[in-house]
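Listed in order, the protein sequences are those of chains A and B. Take 1 as the starting number for the first sequence in the working numbering and just add one per residue. Take 1 as the starting number for the second sequence in the working numbering and just add one per residue.
I should point out that these hints are in silico values taken from the structure, not numbers from a laboratory. Accuracy of the hints is not assured; some may be wrong.
Distance windows between CB atoms, simulated [as the list claims (entries may be wrong)]:
no., chain 1, residue 1, chain 2, residue 2, range
1, A, 97, B, 263, 31 to 41 angstroms
2, B, 152, A, 237, 48 to 58 angstroms
3, B, 92, A, 179, 53 to 63 angstroms
4, A, 256, B, 151, 30 to 40 angstroms
5, B, 151, A, 109, 52 to 62 angstroms
6, A, 164, B, 69, 28 to 38 angstroms
7, A, 293, B, 295, 53 to 63 angstroms
8, A, 319, B, 77, 29 to 39 angstroms
9, B, 254, A, 84, 56 to 66 angstroms
10, B, 185, A, 205, 37 to 47 angstroms
11, A, 99, B, 263, 31 to 41 angstroms
Covered by chain A, per the in silico footprint, the following chain B stretches (three or more residues, Cβ under 8 angstroms) [to be verified]:
no., stretch
12, 59-68
13, 185-192
Pulled a few chain A residues facing chain B out of the computed Cβ check, cut under 8 angstroms [claimed, not checked]:
no., residue
14, 24
15, 26
16, 106
17, 169
18, 187
19, 232
20, 234
21, 235
22, 237
23, 244
24, 249
25, 255
26, 271
27, 279
28, 306
A virtual CB, placed ideally from N, CA and C, is assigned to each residue, including glycine.
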Amino acid sequence: MSEIIVRSGGLYTTVQDIGRDGQYAIGMPPSGALDQYSYRVANLLVGNPDGAAALEATYIGPELEFTDDRRIAITGAEAPARINGEPVALWETLTVRAGDVLSFEMITSGARPYVAVSGGVAVPEYLGSRSTYTLTGIGGFQGRALRTDDRLPLGSPPISGPAPGTSVPAGLRLGLGGVAELRLVVGLCSYRLTPAALESFVDTEWKVTKDADRVGYRLRGGTIDFVDREPPFGAGSDPANVVDLGYPIGSVQIPGGNEPIVLLGDAVTGGGYATVGTVISVDRDRIAQARTGDRVSFTPVDVDAAISARRDRGIRLEKVRAAVS
Amino acid sequence: MAATGTDLPPARYEFGGDEFIFVELDQEMSLEANFKAMAITGALREQGIDGVIDICPSNASYMIRLDPDRLHPVELVDELRKLELNAGGLADDHTVATRIVDVPILFDDPWTRETLLRFRDNHQDPSGTDLEYAARINGFRGVPELIDSITGAPFIVTMLGFVPGLPFCYQMVPRERQIEVPKYVRPRTDTPERAFGYGGAFSVVYPVRGAGGYQLFGIAPAPVFDLAQTLPDFADHIAFPKPSDILHYRAIDRTEYDRIRAEVEAGTFRYRTAEVEFSPTAFLADPDGFNRNLLEVL
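Chain A on its own, in the form it takes in the complex:
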């Protein structure tokens, strides 16, 4: 069977796809590529069907040896890559042959590069998905991040696909750098914040702390006041406490009033801290590319704006599909 030999797993590289649906009620989040846009474009560049499993790296990319002829593509973070030591382009269809080695240099912008391989990473599906959820060791390659000497099985390459050298026009690549502006639907338990606190939450440029992973990002940069109240029965007495409830992916909670946490694909699915809004699905791609020390801000939008942003991303993906086929 054809496979990839992992010479080095990098910092934290996992197998991910579009995610695992239908398990939220028992507390299992969808996981999946945090930056769905870059992940989907990578698959388009190698001619894979939607939903094929690819690799998501964090900060430091893996070193991979191929054992047969494949097409590959690297998207997402600006991660200078080399094949057998020769620099190669990102957001472009590349070819590799048996024995070729893909390696990465330090990321210059963004946090997460994606590597798609024609045929997809063919680890077994678990509950309908190949996504890794490391918190409980589910899915992907043995439920964990890649390590040296792992051997990743590959699927059969598609019969046709974009020719080598096909690249994604600059305007259709992910915008990186600067303050990531995250659109947020205010609500859930936002009644717990004073009007001034909500305003200050939106006016603050928040800094990504080192506690930022696939579960969620902890931010710092301001202090948020809660409305004084007699705590409702069952919530617990802290002002940030509510009776434990479900947490949407993308929802923002502010335990202690000074460290907002934005939940991502490996989210905890419920708990007892007041959530004050939800980052729209499209902008989870942006926060996924923010790294420790980067700045993010929140812009309130309504649910119609969230849906229209989602439609726009769909149109962009169709443009990519047209541009590479």
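Starting from the known structure of chain A, fit chain B onto it as the hints suggest.
Only chain B this time, still in chain A's reference frame:
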């Protein structure tokens, strides 16, 4: 549902971005709110609406995850409002077929003690342990009395979540006897696997090692989550607890803890369980009498 006189306020509908709807049935916890969440989400499940991905009943609320490419969130809210009107009070003869489960707990164990001492900076009271803090703010004379109160009446599973298989459990006693504690000021980044925690009016057993914000009281020797599905109780599902399960926490000593751990390691451990018919009306009318009968079954 007049037995405890809890009238629920009108439900509050909120959008969690474009993919989620959150419905709060009450800001405070009550079994009435939980039964209503179970009734509405059960009815929604039966409708089989295209575009609904996940239906998650919670303690006093529920949450839906949907695919907005197939179903507009505003349309779904209209449907949910109809269900809210139809799911009025519970019929007097309404019963739930469930099971009662014996859940051994080693209180004040060395592993959660080590963890809670490591995270004193995140806590309301850095000077003591979580058990001492909880006993004090709940007006108990000491830790033993708090433990007696936890083990004296069973808990019902009112929500699953946080991580796979984690049961939120609510004690089946009148409100004035409920134990209540705040969550940590800042959540911990580490919690031992199988830790027994308490937050708000809920107890939990953490399925896996990881973050957590509940006060740490002890540890369970038996898992609630078994990915490898080696134990017989997990043959059908990786998570053991189900909503509406009734759990009876039993205090054990270190010898029994070690014995159960050995059974778990050997793959022979089984939870002691009994099938029961749970009648919310009968329970709300006479909680203590109802619980006595329940525990006799076990």
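Let me make sure I understand: some of the numbered hints might not hold for this structure. Which ones are they, in numerical order?
1, 2, 10, 11, 16 and 17
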